[in-house]
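Assemble the dimeric complex from its two separately framed chains, guided by the hints.
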Amino acid sequence: VGRQTWVETLIAAEIGGPSVGTLGTSSCLPPAARVAIPSNFFDVGMALRIQATGQVTTAAFGSGGTGEFFVTLGGNTVFDSLPIAFGTNLGGPGRNFLLDILLTCRTIGPASFMGQGTWINSVGPGSNGPALGQTIDLLPWNSPPAVGGTFDSTFAAQLDLLFAKTVGTGTLLINEYTVQAIN
Amino acid sequence: MARQIWVETVTTSEIDGPTLTAIGAASMLPNAAKSTFPAATFDVGKVLRITATGRVSTVITTPGTLQFDVRLQGNIVFDSLAITPDPSAAYVTVGWYLEIFLTCRAIGTTGNFFGAGKFACTDLAGQPAGPPKGALVAMLPFNTTAGVGANFDSTNPNQFDMFFTQTVATGSLTMHQLAV
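Top line first, the protein sequences correspond to chains F and D. According to my numbering, the residues represented by the first sequence are 1 to 183, in order. According to my numbering, the residues represented by the second sequence are 1001 to 1180, in order.
Keep in mind the hints are simulated off the structure, nothing from the lab. One or more hints might be untrue.
With the Cβ distance kept under 7 Å, some of the chain F side facing chain D (calculated, not the full set) [unchecked claim]:
1. Ala12
2. Thr53
3. Leu98
4. Ile120
5. Thr178
Cβ-Cβ distance ranges computed for the label pairs, FRET-style [claimed, not checked]:
6. D:Gly1130 <-> F:Leu138: 23 to 31 Å
7. D:Ala1090 <-> F:Pro30: 45 to 53 Å
8. D:Thr1155 <-> F:Asp152: 45 to 53 Å
9. F:Glu8 <-> D:Gly1130: 42 to 50 Å
10. F:Arg3 <-> D:Asp1043: 39 to 47 Å
11. D:Ala1179 <-> F:Ala32: 36 to 44 Å
12. D:Gln1159 <-> F:Ala36: 49 to 57 Å
For clarity, every value in this text was computed on a predicted model and none was experimentally measured. For every residue, glycine included, the Cβ atom is placed at its ideal position computed from N, Cα and C.
Same shape as in the complex, but just chain D (with noise of 0.2 Å):
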């Protein structure tokens, strides 16, 4: 009965992505880690587990909100939407851990996925006023219901990305560890 499919690690990061400190989108990976699937890698039905760690920090009162994004090809396949960090208390490189979920709804030149995830970390809305403080997790995509992403060419070499976007520029993101 069993597919004789295993699981396969795609790409791991060997070193940490770049302190992201910027409004706006960036890639969060090292460049050694954007890995590339060949044209018709995918399948209906086959299965993504994105799992990366990192630290964030973010200000009292006007934290903005955090997002993150995967992209193949240029092409955002999952959004997480905005996220909102906690505004009672600063946090300084705080630990975060992200998990995305990706299962393959199409292919071909309209390729897409269907996605969810969840980020955990102490720095989220929703937090008691005062210590002690357990993390928290933000459901992916955050305050929305899930979908399916945008569409990408599955019948071209697509390149793996993961981009964050900041609304502020008090705060910082690092990417620790990734595995695809």
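Only chain F is shown next, with the shape it has when bound in the complex (with noise of 0.2 Å):
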């Protein structure tokens, strides 16, 4: 039996985002993609999906520093991959990514979502080199999946992605993201 929903997308973006080079945390989309969602949008159960496609520069990643995601609504971290330690294996230019992050929302009005994901690059803790076949991270990584931070659904908020590192050298760049609301 049909719910009579659909699946819409919500943003897509045109361009890539800004190269995140400095130690914290910033935004990884360019302005247009950081998409306002209206108040009183969500259920509970309605879903979102991230995804996106990047890359990550130098060999600096690889000397014991982690990344990290947020997804973020109104400033509020609704998800947060957590820390991921990169290996030792970037050693160059430009390694691609792929992220993809469900959210299930859970509660509304003080809101929260469920959030699980996928992270595929050659930076991993476990991965290959970029020659050769990738292993998956899941995320939140090394942790067991939990709701993430409260944000009001009450009022309208826009939706962002963050991103987060501990060596002040490499970049990250955001290439292709697209947020659909799947139901």
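What follows is the structure in structure tokens.
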């Protein structure tokens, strides 16, 4: 039996994001891709699928740093990948990655999402070099999944994807980005 | 805030594609799956997600390479580049799963897509010498930074096609399922 809902694309980035290269946390989306979600948009059970492709650059990621993705709504972190330990196989420019996050609304009002995802790349701790097949890192990394931080779904909120890293060299760049409401 | 657009399936395949055994590039789709996009279908920011599954066989030691490309009216808008199978063992009709994510970056007579994807299979270099062997994932384009593909003319109709290229005649590939 159908629910009379459909998959709707909320945003698709027309250009790549900024090159994120500094220590700390910053948005990895172009401003036009930071879509505003209207008030009362979410219902319990509504799911968002966030997909991104991109690249990380320089060997510095392989020297003990970590990378971490955050999905935020109105500045509230609703999904945290937790710090992903980068391995030692990066060593070169523009290593491709794929990021896929599924968020399911568990509560509204003071709202929250259950979230899990995958990150496929050649810089993760168990990955092979870029010329070989890769393993898949499950997110949140190395931790049981749990609902994220709360946000107020009764207000409009901007959806953003942030990235944080703990070494001051190297860059991350989003090439493609889409958000779909899948029901 | 919604854009009042929805996900639409452009084409699926009701049957397998041809079993490809020869060296060189050849379409891996059955003719009925080569649907045609009307002129001016694409806008900047429109995304195509291509999912395909199938089976592949390669020999030990000299398996050659595996390469997929997406064509619009013969123009290669995405190229996986040559993927290295596992040379440490022979594989016979093992499954594969391909997903390609294309975002339109330009339209007109010089339209193009930015593309990336993944090819999941047990037959990929990087496997341990012995079992157990889980499937690995090749990031596409393989071992190369992603970028925009070749131009195509979005002001004309464009027939969609996917080609597979192998470099030895000892392997084979068959596509079983396709969804665009």
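How the hints compare with the structure:
1. Ala12: Given a least distance of 5 Å, the restraint on Ala12 of chain F holds.
2. Thr53: holds (4 Å)
3. Leu98: holds (6 Å)
4. Ile120: Nearest chain D Cβ about 5 Å off; hint holds.
5. Thr178: holds (6 Å)
6. D:Gly1130 <-> F:Leu138: 23 to 31 Å: Given about 25 Å between the Cβ atoms, the range holds.
7. D:Ala1090 <-> F:Pro30: 45 to 53 Å: holds (46 Å)
8. D:Thr1155 <-> F:Asp152: 45 to 53 Å: holds (46 Å)
9. F:Glu8 <-> D:Gly1130: 42 to 50 Å: Holds, at about 47 Å.
10. F:Arg3 <-> D:Asp1043: 39 to 47 Å: The hint (39 to 47 Å, Cβ to Cβ) is violated, given that Arg3 of chain F and Asp1043 of chain D are roughly 29 Å apart.
11. D:Ala1179 <-> F:Ala32: 36 to 44 Å: Once the Cβ atoms are compared, 29 Å apart, the range 36 to 44 Å for Ala32 of chain F and Ala1179 of chain D is violated.
12. D:Gln1159 <-> F:Ala36: 49 to 57 Å: The hint (49 to 57 Å, Cβ to Cβ) is violated, given that Gln1159 of chain D and Ala36 of chain F are roughly 38 Å apart.
Hint compliance for this structure: hints 10, 11, 12 are broken, all remaining hints hold.
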